[in-house]
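K.L.:
Given next are the chains, with one letter for each unit.
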Amino acid sequence: MESQKQVIERLRTAFRSGVTTPLQFRLKQLEALLSLLEDNEPQILEAMHKDLAKPKFEAVLSEVDLVVNDLCHTISNLHSWMQPSYVGKNLATKFDDCFVRREPLGLVLIIGAWNYPLQLIVAPLIGAIAAGNCAILKPSEISKATEQLLSALIPKYLSQECYAVICGGAEETKLLLENRFDHIFYTGSQAVARSILQAAAVYLTPVTLELGGKCPCLIYGRLDIKAGAKRLVWAKFFNVGQSCVAPDYVLCTTEMRDALVPAIREALEEFYGPQAQQSPDYGRIITDRHYDRLMELLGKSEGKVVIGGDGAKEDRYMAPTVIVDLKESDALMQEEIFGPILPIITIESLDQGISFINQREKPLALYVFSDESQIVTTVLERTSSGGFCSNDGIVHMTLPGLPFGGVGASGMGSYHGRWTFETFSHRRGCMLRGWGLERISMLRYPPYSERRLGWLRWATTAKKKGWAGCSVM
Amino acid sequence: MDPVRPRGGVWQPSTLISFSQSQERKKMEKQVVDVARGAFNSGRSRPLQYRKQQLRALLRLIRERQADIAAALKQDLNRSEFDTPLLELIGLEKDIKLAESKLSDWTSPQPVEKNLLTISDDVYIQAEPLGVVLIIGAWNYPWALTLQPLVGAIAAGNAAVVKPSELSKNSASLLKELLPQYLDKEMYPVVNGGVPETQELLRQRFDHIFYTGSSTVGKVVMEAAARHLTPVTLELGGKSPCYIDKDCDIAVACRRITWGKFTNCGQTCIAPDYILCHPSIQNRVIEEIRLTLLEFYGEDPKTSPDYSRIINQHHFERVLALMEGCTVAVGGESDKTLCYIAPTILKDVLPHARVMQEEIFGPVLPIITVSDVSEVIRFINEREKPLALYVFSSDKRVIKRMLSETTSGGVVVNDVIMHYTVSSLPFGGVGNSGMGKYHGKHTFDQLSHHRACLIKSLAMESLNKARYPPLTPSRLHRARCFMLSRLCSCAQATCAWAVIATILALGLLIALLVVLLKDPVA
Numbered sequence: 044m045e046s047q048k049q050v051i052e053r054l055r056t057a058f059r060s061g062v063t064t065p066l067q068f069r070l071k072q073l074e075a076l077l078s079l080l081e082d083n084e085p086q087i088l089e090a091m092h093k094d095l096a097k098p099k100f101e102a103v104l105s106e107v108d109l110v111v112n113d114l115c116h117t118i119s120n121l122h123s124w125m126q127p128s129y130v131g132k133n134l135a136t137k138f139d140d141c142f143v144r145r146e147p148l149g150l151v152l153i154i155g156a157w158n159y160p161l162q163l164i165v166a167p168l169i170g171a172i173a174a175g176n177c178a179i180l181k182p183s184e185i186s187k188a189t190e191q192l193l194s195a196l197i198p199k200y201l202s203q204e205c206y207a208v209i210c211g212g213a214e215e216t217k218l219l220l221e222n223r224f225d226h227i228f229y230t231g232s233q234a235v236a237r238s239i240l241q242a243a244a245v246y247l248t249p250v251t252l253e254l255g256g257k258c259p260c261l262i263y264g265r266l267d268i269k270a271g272a273k274r275l276v277w278a279k280f281f282n283v284g285q286s287c288v289a290p291d292y293v294l295c296t297t298e299m300r301d302a303l304v305p306a307i308r309e310a311l312e313e314f315y316g317p318q319a320q321q322s323p324d325y326g327r328i329i330t331d332r333h334y335d336r337l338m339e340l341l342g343k344s345e346g347k348v349v350i351g352g353d354g355a356k357e358d359r360y361m362a363p364t365v366i367v368d369l370k371e372s373d374a375l376m377q378e379e380i381f382g383p384i385l386p387i388i389t390i391e392s393l394d395q396g397i398s399f400i401n402q403r404e405k406p407l408a409l410y411v412f413s414d415e416s417q418i419v420t421t422v423l424e425r426t427s428s429g430g431f432c433s434n435d436g437i438v439h440m441t442l443p444g445l446p447f448g449g450v451g452a453s454g455m456g457s458y459h460g461r462w463t464f465e466t467f468s469h470r471r472g473c474m475l476r477g478w479g480l481e482r483i484s485m486l487r488y489p490p491y492s493e494r495r496l497g498w499l500r501w502a503t504t505a506k507k508k509g510w511a512g513c514s515v516m
Numbered sequence: 002m003d004p005v006r007p008r009g010g011v012w013q014p015s016t017l018i019s020f021s022q023s024q025e026r027k028k029m030e031k032q033v034v035d036v037a038r039g040a041f042n043s044g045r046s047r048p049l050q051y052r053k054q055q056l057r058a059l060l061r062l063i064r065e066r067q068a069d070i071a072a073a074l075k076q077d078l079n080r081s082e083f084d085t086p087l088l089e090l091i092g093l094e095k096d097i098k099l100a101e102s103k104l105s106d107w108t109s110p111q112p113v114e115k116n117l118l119t120i121s122d123d124v125y126i127q128a129e130p131l132g133v134v135l136i137i138g139a140w141n142y143p144w145a146l147t148l149q150p151l152v153g154a155i156a157a158g159n160a161a162v163v164k165p166s167e168l169s170k171n172s173a174s175l176l177k178e179l180l181p182q183y184l185d186k187e188m189y190p191v192v193n194g195g196v197p198e199t200q201e202l203l204r205q206r207f208d209h210i211f212y213t214g215s216s217t218v219g220k221v222v223m224e225a226a227a228r229h230l231t232p233v234t235l236e237l238g239g240k241s242p243c244y245i246d247k248d249c250d251i252a253v254a255c256r257r258i259t260w261g262k263f264t265n266c267g268q269t270c271i272a273p274d275y276i277l278c279h280p281s282i283q284n285r286v287i288e289e290i291r292l293t294l295l296e297f298y299g300e301d302p303k304t305s306p307d308y309s310r311i312i313n314q315h316h317f318e319r320v321l322a323l324m325e326g327c328t329v330a331v332g333g334e335s336d337k338t339l340c341y342i343a344p345t346i347l348k349d350v351l352p353h354a355r356v357m358q359e360e361i362f363g364p365v366l367p368i369i370t371v372s373d374v375s376e377v378i379r380f381i382n383e384r385e386k387p388l389a390l391y392v393f394s395s396d397k398r399v400i401k402r403m404l405s406e407t408t409s410g411g412v413v414v415n416d417v418i419m420h421y422t423v424s425s426l427p428f429g430g431v432g433n434s435g436m437g438k439y440h441g442k443h444t445f446d447q448l449s450h451h452r453a454c455l456i457k458s459l460a461m462e463s464l465n466k467a468r469y470p471p472l473t474p475s476r477l478h479r480a481r482c483f484m485l486s487r488l489c490s491c492a493q494a495t496c497a498w499a500v501i502a503t504i505l506a507l508g509l510l511i512a513l514l515v516v517l518l519k520d521p522v523a
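Just so you know, the protein sequences line up as chains C and P, in that order.
Be aware that the first sequence starts at 44, since it is given in the numbering used here, and climbs by one per residue.
Be aware that the second sequence starts at 2, since it is given in the numbering used here, and climbs by one per residue.
With the rest of the complex left out, here is chain C:
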């Protein structure tokens, strides 16, 4: 069994050999990854079902298809992404070639998470491969079945020289982080992110951190309550609330709340039947420890449970729960819930709702439900968040054209589609000059004189409107 250091050395040697750079190699690996997913879909679904009782529906839409979509998008566009992009020039460089090359970084580390155990490790891998890097994958040890499946399948389909899976818990990850990487991509919690950033600082390694936080859902003004409730319920209870972009809590007026609760109840029944535990479409909490944490939070809360609130530990089943009449200081409002508990906090005005949001850390996603576009625009303009979606939840992250990532405490960097490719690439500014026009170059040489400076200034200040960025040096 290879040690971590041996794996790293082997992959670095492979990278140095230049094998990952040609387009053909990258495409071949991406196509192999596609085969991995297509050939093993049943096994993948089964593994995720073992880990999280992930319903087939969810696993297909949010894991397999999401990643396959990204893969196809990348395969189709990689050639054009890899082309140098030519840029506008200034007067002195008019006859030169100025362009930006995208180059691989080297050996990257991708640390996955347990809530979407396939997507959160394979989606970054797509970009890492596309950008020409070697990669070490460290899947979450908490989603054991998926971890084991990935460590069996990846070496079978992808080049073992260039990509490796390293398994283990906190200790192994800590050890891994003592090594030097050219980029670290981490999905998970803020606490761990801090220590990753500190480990990265030792080598000046750039990082992408996909974290979380409490994603607020502001419901205000005129709206179709039934439709809104359905989308809210879908987004909240998808993966039993264990999504970094799940609406964490709702902010609305008392009247809205009174209309919303029955609509939520109705939507829940429509989706999962009268007893969600019997529904094959409702997942489970990942581990006993996480189950206990959620039950404890619920126990500590001073709010009133209006829907659900029960659970079954042996099954790690927790009912879809809605809780009202909470104060800001409530236990449920102190940390990201990451479970099927939906607090509804009442506000008296839109301003109050916006202040509430702005007093807290910038969330990964922010949701507004309203049929009044003015309200949506107001919230958009007066808040900040990783991403924003109105009148729906989660779906903004399924669009490969949109960069997915946080800001502030919810993370740094972004990915999906082309953005993953860019994350794992170095943009190198290139200038190719000729030998001629030395007379122009001479203007910049000493001995300096008023006359030469005069020419330079003239060239700089002789601007027509619309001539941005003219400089002669």
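Hints were generated in silico from the structure; no laboratory data involved.
All values reported here derive from a predicted model rather than from experimental measurement.
Don't take every hint at face value.
Cross-link-like lysine to any residue pairs, in silico, SDA-like; alpha carbons within 25 angstroms at most [to be verified]:
| no. | chain 1 | residue 1 | chain 2 | residue 2 |
| --- | --- | --- | --- | --- |
| 1 | C | Lys347 | C | Val304 |
| 2 | C | Lys132 | P | Ser405 |
| 3 | P | Lys401 | C | Lys93 |
| 4 | P | Lys115 | C | Gly61 |
| 5 | P | Lys186 | P | Leu60 |
| 6 | P | Lys442 | C | Val304 |
| 7 | P | Lys442 | C | Trp124 |
| 8 | C | Lys269 | P | Arg285 |
| 9 | P | Lys401 | C | Val143 |
| 10 | C | Lys93 | P | Leu472 |
| 11 | P | Lys397 | C | Val62 |
| 12 | C | Lys99 | P | Lys466 |
| 13 | P | Lys75 | C | Met485 |
| 14 | C | Lys269 | P | Ser475 |
| 15 | P | Lys115 | C | Leu77 |
Covered by chain P, according to a simulated footprint, are these stretches of chain C (three or more residues, beta-carbon under 8 angstroms) [said to hold, decoys possible]:
| no. | segment |
| --- | --- |
| 16 | 86-100 |
| 17 | 263-274 |
| 18 | 307-317 |
| 19 | 458-471 |
| 20 | 477-490 |
Ideal placement from N, C-alpha and C gives every residue a C-beta, glycine not left out.
Assemble chain P onto chain C, guided by the hints.
P.N.:
Chain P in isolation, oriented as in the chain C frame:
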């Protein structure tokens, strides 16, 4: 946090200062940041009108006070008055004007591609301010390297705390005096001081830290930022290699290299640090540079008004010590009282020599001989990724190999430094030479948050039904088709349309020819 010795700075242990003084100072940094945050939270930096007004004020500052700035630089670095606009201000002016004229474009929503289910929605990326940015400047180009990030910070709608380098102390105190006279002083305060003040600043929470300086301190900055999960831009340095191929115009190459190397007395992060060339051209290279030096600075560069000085004693001694054990081909003279080191070329330098172990940042140019391009590439790749890489060659194959088999922040072929002046090129390092990019729009992008926005309506609910449980095979099938349809690429679609259009056009042409050529007599 452990105390850090700044590059060339003198460490002032805080125990020398009284406890109450240090408490006062701690309050000062925190207060400044709190005031800036309050100013940002007021929302006044968001409107485009405000941002443009601040940018215009900054432009006025550098135009109206150019003489003062030049005088401060003369004191700090013996900078020639002509170098002030050339090296510091022209680029700055350009960036300000670009930001002002393009701000509406940069801040408008950027639409992106949609899928079938979002076809009637608004999908776009919106650039937003981050909040309060900390800008730590450097001493070698104290105005450009401190104010150019500020231009982007202002353009992006942020507040910014500006911490100029204390080593270029005249520029630092002039900036502290001038900036509040022109700009919103609560929104863009200047904090001066040395290591303790910088450490105190780094304990505060910022939304982005922009640091220009050494890799050593870069690590400290990143580690401090880690505590608050603050993203950073680090513009660092390293040894920028310069390869002169046998097949090139050696005279022109050497002129350009001489300019790039000895401007600002070699104290430029993208100065060619060392030369790699074939032994057969080494003497020619030395001779050409020597002649160019004569032309630029005369017989005695010490008396030339265009030749700068080393920033301080510490760096003077550091650079001098680097020459140890090497053969001086040109120069080598120095004058401690003036912090003067003559333009110096070292020949036949060995890879393990002291001068090859750290960034020189001075007017000493080592030449290392290599046998071929492969050796050059190996030599470069064995070392840390540099901020800049220079290649002088007329051979396209050599250029291609150098570009594709090495990496660096930026690269210039057949010149040095000039990529810095093209603001559409992203400027920054990779690996040890830094992270993040700036100049022109890139600064705006670096100091903005690009928020992904999906604006939907509650209508078209029937389409959404496909994704709701309970699962049925047909629902799943529909959801797969609509919500996550496999996109075909733009390239493929364009190609398909091009083919169809061509066939149609050909068909029409044939039809037209048939009509025209058809014998009218039946």
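K.L.:
If you draw a straight line from the CA of Lys93 of chain C to the CA of Leu472 of chain P, is it 25 angstroms or shorter?
P.N.:
At roughly 19 angstroms apart (the allowed maximum being 25 angstroms), Leu472 of chain P and Lys93 of chain C satisfy the hint.
K.L.:
What's the verdict on Lys115 of chain P and Leu77 of chain C, does the C-alpha distance respect the 25 angstroms limit or exceed it?
P.N.:
Holds, at about 23 angstroms.
K.L.:
For the pair supplied as a hint, Lys442 of chain P and Trp124 of chain C, is the alpha-carbon distance within the 25 angstroms limit?
P.N.:
holds, 20 angstroms
K.L.:
Does Ser405 of chain P sit within 25 angstroms of Lys132 of chain C, going by the straight-line distance between their CA atoms?
P.N.:
holds, 23 angstroms
K.L.:
Need the status of pair Lys75 of chain P, Met485 of chain C: alpha-carbon distance at most 25 angstroms?
P.N.:
Status holds; Cα separation ~23 angstroms.
K.L.:
State whether the coverage of the segment 86-100 of chain C by chain P holds or is violated, taking the criterion as 3 or more residues with Cβ-Cβ distances under 8 angstroms.
P.N.:
Our answer is that it holds, as 3 residues pass the Cβ test (under 8 angstroms) against chain P, meeting three.
K.L.:
Lys401 of chain P and Lys93 of chain C were given as a pair; does the straight-line alpha-carbon distance stay at or below 25 angstroms?
P.N.:
violated, 52 angstroms
K.L.:
Given the hinted pair Lys269 of chain C and Arg285 of chain P, is their Cα-Cα distance within 25 angstroms?
P.N.:
violated, 83 angstroms
K.L.:
For the pair supplied as a hint, Lys269 of chain C and Ser475 of chain P, confirm whether the alpha-carbon distance does not exceed 25 angstroms.
P.N.:
Within the cut-off at roughly 24 angstroms; holds.
K.L.:
So if I understand the rule, the pair passes when the alpha-carbon distance is 25 angstroms or less; does Lys115 of chain P with Gly61 of chain C pass?
P.N.:
violated, 36 angstroms
K.L.:
Are the Cα positions of Lys186 of chain P and Leu60 of chain P separated by 25 angstroms at most?
P.N.:
Cα-Cα ~16 angstroms, so holds.
K.L.:
Is the straight-line distance between the alpha-carbon of Lys397 of chain P and that of Val62 of chain C 25 angstroms or less?
P.N.:
Cα-Cα ~23 angstroms, so holds.
In summary, the structure is inconsistent with hints 3, 4, 6 and 8 from the numbered list given earlier, while agreeing with the others.
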